[in-house]
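Engineer: Single-letter residue listing:
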Amino acid sequence: GIQVEQSPPDLILQEGANSTLRCNFSDSVNNLQWFHQNPWGQLINLFYIPSGTKQNGRLSATTVATERYSLLYISSSQTTDSGVYFCAPRGGYQKVTFGTGTKLQVIP
Amino acid sequence: GAGVSQSPSNKVTEKGKDVELRCDPISGHTALYWYRQRLGQGLEFLIYFQGNSAPDKSGLPSDRFSAERTGESVSTLTIQRTQQEDSAVYLCASSSPQEPTNEKLFFGSGTQLSVL
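Those sequence lines, one after another, are chains E and W. Letter 10 of the first sequence, counting from 1, is numbered 10 in this note's numbering, and no numbers are missing. Letter 114 of the second sequence, counting from 1, is numbered 114 in this note's numbering, and no numbers are missing.
Pulled out of the complex, with its shape left as it was, chain W reads as follows (with noise of 0.2 Å):
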């Protein structure tokens, strides 16, 4: 596609419950990152994907979190049992870092996610 989309924009659970974030990078991008914001505060690294490599999960708040990469197209982002301090944007962006002239990295618009 045009640029990075993520599903759904906005998503109210349940404390406890399970909540799965969708990102789908822009077509041909190797490199694949979530980010969480909370409100008022800067961007928390997650997860990183890098085409065949091993993810970077150093980010990962806790167990309950976890990210899947289908090759180098769509990623899930999976909170298991979620709590209120889940709460927060998601942010999801890609970039081409092998190509010197193209490793901007573009977000997409974020899931808003609040837990009950």
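This is chain E alone, in the form it adopts within the complex (with noise of 0.2 Å):
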């Protein structure tokens, strides 16, 4: 199955500063999802993003599947941008397979 890896592993911002998560993929993509994991523990998709770059508020993804990965930026960060987030790919068919995730904090 597809490898992911994601970066940094931990996160912590001050409000207001703006960052960019990383996921490297193994292998050639059809489907890549980001998800927030809150707090309570409710995971929230982000983006169906399998190549391209799309925009919602202070998030927005890249993805480059021809050089496996994808970047997630998170501008102006709020306090409730906390918690994890993950970066999810498929190829073909296959199952989804979760990245180790990025845990943000931010600080007020």
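By construction, these hints were calculated from the structure, which means they are not laboratory data. Hints are all accurate, no fakes.
Covered stretches of chain E (in silico footprint by chain W; criterion: 3 or more residues with CB under 8 Å from a CB of chain W, positions within the stretch not fixed):
{"id": "1", "region": "37 to 43"}
{"id": "2", "region": "95 to 107"}
Straight-line Cα separation of at most 20 Å, EDC-like style, residue types lysine to aspartate or glutamate; simulated pairs:
{"id": "3", "chain 1": "E", "residue 1": "Lys103", "chain 2": "E", "residue 2": "Glu15"}
{"id": "4", "chain 1": "E", "residue 1": "Lys54", "chain 2": "E", "residue 2": "Glu67"}
{"id": "5", "chain 1": "E", "residue 1": "Lys103", "chain 2": "E", "residue 2": "Asp81"}
{"id": "6", "chain 1": "E", "residue 1": "Lys54", "chain 2": "W", "residue 2": "Glu103"}
{"id": "7", "chain 1": "E", "residue 1": "Lys103", "chain 2": "W", "residue 2": "Glu44"}
{"id": "8", "chain 1": "E", "residue 1": "Lys103", "chain 2": "E", "residue 2": "Asp10"}
No residue lacks a Cβ here, since even glycine has one placed at the ideal position from N, Cα and C.
From the two separate chains plus the hints, produce the assembled complex.
Structural biologist: Put into structure tokens, the structure is as follows:
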């Protein structure tokens, strides 16, 4: 199956700061999703982004499938952005594999 | 239903007992996943159902774990002779991967399993 690496594993930001989270994957994909797991454990789908760039408010994501990586940008971070961010690629009709996540803490 | 529903939300059991966890996917979603998440850890794949294809069971950690799915509807994850290391949140997700515009994975709220 696809191997997924996320970096950094942990990140502390001052409120208002910007950051970039990275996801590298080992094989070609036709599906890549970014999730946010809030402190209560609920997983929310942020982006479905097999290629290209998408933006949603303060968040945006870019996937370069040919180079096997995806980036999640967080701008003007807020305390509500705290939690764990997971990258989850899938190749063909195989299972969706999750990375180990980036744990983000935004401090006021 | 409107979202993925899991029950029970919490389950406390004694070591050695069997447990059944239930997942109701979003109506029309052909794909269904079970994941396990231990405290402070990532999501560990358990099993994947896709339509009428044979399920991908490659993530089941032992023969004490099994799962069934009735058509494209409800799924049940069964853990026999539970052990303390089975304590975790069990998450279910569904999607419709055959529809390119609707391949997003939607998660339930999970079942918190505690084995005493």
